[in-house]
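Quick note: the sequence shown uses my numbering, first residue 665, plus one each step.
In case anyone wonders, no lab produced these hints; they're calculated from the structure. Beta carbons: idealized from backbone N, C-alpha and C, even for Gly. Keep in mind that the hints are not guaranteed to be accurate.
Each computed EDC-like pair below joins lysine to aspartate or glutamate, with the alpha-carbon atoms no more than 16 Å apart [stated by the list, open to error]:
| no. | residue 1 | residue 2 |
| --- | --- | --- |
| 1 | K703 | D733 |
| 2 | K981 | E740 |
| 3 | K812 | D832 |
| 4 | K703 | E740 |
| 5 | K931 | E992 |
| 6 | K1009 | E992 |
Label-pair restraints from in silico Cβ distances [unchecked claim]:
| no. | residue 1 | residue 2 | range |
| --- | --- | --- | --- |
| 7 | S738 | K764 | 24 to 32 Å |
| 8 | K999 | T720 | 23 to 31 Å |
| 9 | T718 | I936 | 43 to 51 Å |
| 10 | D749 | N934 | 37 to 45 Å |
| 11 | T964 | T720 | 17 to 25 Å |
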Amino acid sequence: MKYFFGFLFVPFFVYPSLNKISINDINSHSGSIIVVNDKYYLFGEYRVNNDGKTRTPNNQKITLYSSTDLIHWSKENDPIDLTKDPNDFEVERPKILFDKNGSIYSLYFHVQPHRKFSQGVGLLGIATSKDITGPYRVIGYYQIATGKKASTTQYSYEVDDGWKRKADGFYHDSIKLGQELRDFYAFDLYGDTYVVYSAEEGYSVQLAKIDLKNSFAINTFHRLLVGERHEAPIYFSGFNKHYFVFSDISGYRPSESKLYSFDIKNKKLNYISPFARGNQMDVKTTFQSQPAFVFKCINTGKLIYVADKWLYKDKLKYIWKSKYVWAEIKWDSNKIPYIDKTSFKKNNICE
């Protein structure tokens, strides 16, 4: 194994079945869903009560559940368990992809050594398996593009120049050991695998390409929205266009998630609007949620936005009990995606 710096109040619906199965409550946060042989597989963070004084398995495992109908769930073996790793990793936001060329499942996740979010440190964990249920073998933990400069830089024109200068400083400081990766999303784009993530201490977004044919090397990356503060990205496409949604950086408190179109050729993001539509509270809090992932329904092809509804009050005492929010992504007459109160259903979200 490698370990180095290389290379809602919701007034609508919180999906109840996701958190209750016949024996134990589902424990899965900030994860992703993949469909294999007409079955949904849900990967997510494992969270338990954590007093911060003693080592617990909180955020040190990735859990896996399966379902054919999004209502009844079965527990599978944990694909990642780092509870005994001497690095005392914090494990966050697992994302699963299938590499058709290599016929393997690649599981990506963000880790922080010794649970410390030190300046310039944020690693991408990579594990692979021939079978969706595992076992998964950890390939390594990596900073982004060690010793390399960004291929392109897109500066923001809407924020304080001081934030841009901060971003540039953190970026240059990280070139030698590689860029930090935090709060990321992994996705396929025309056969290539990318990760988009919060970087430069949260003062920019970066996009990096993972070379699956070269031992998952990460040598190419782009700086986006330099001078803006975003996290919790998701990616999806529709009507031949590509989109990202980001939340603001606000800890676990809900914020206004923003919708951007993605210019693939020039690697640039263009702001469109808030992702949520409704009254002021709905828009400013994205229906009390933070983006986690998007998946496509098996039978209907609908795109479903899934988000964490963090229980952030009481000094995060009950954060581990947080639930998901599920909402169908709608398209307006101009083919712009959004969610509103009609996106939430009391029955199967995919119907």
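Violated hints - listed by number, lowest first: 2, 5, 8 and 11
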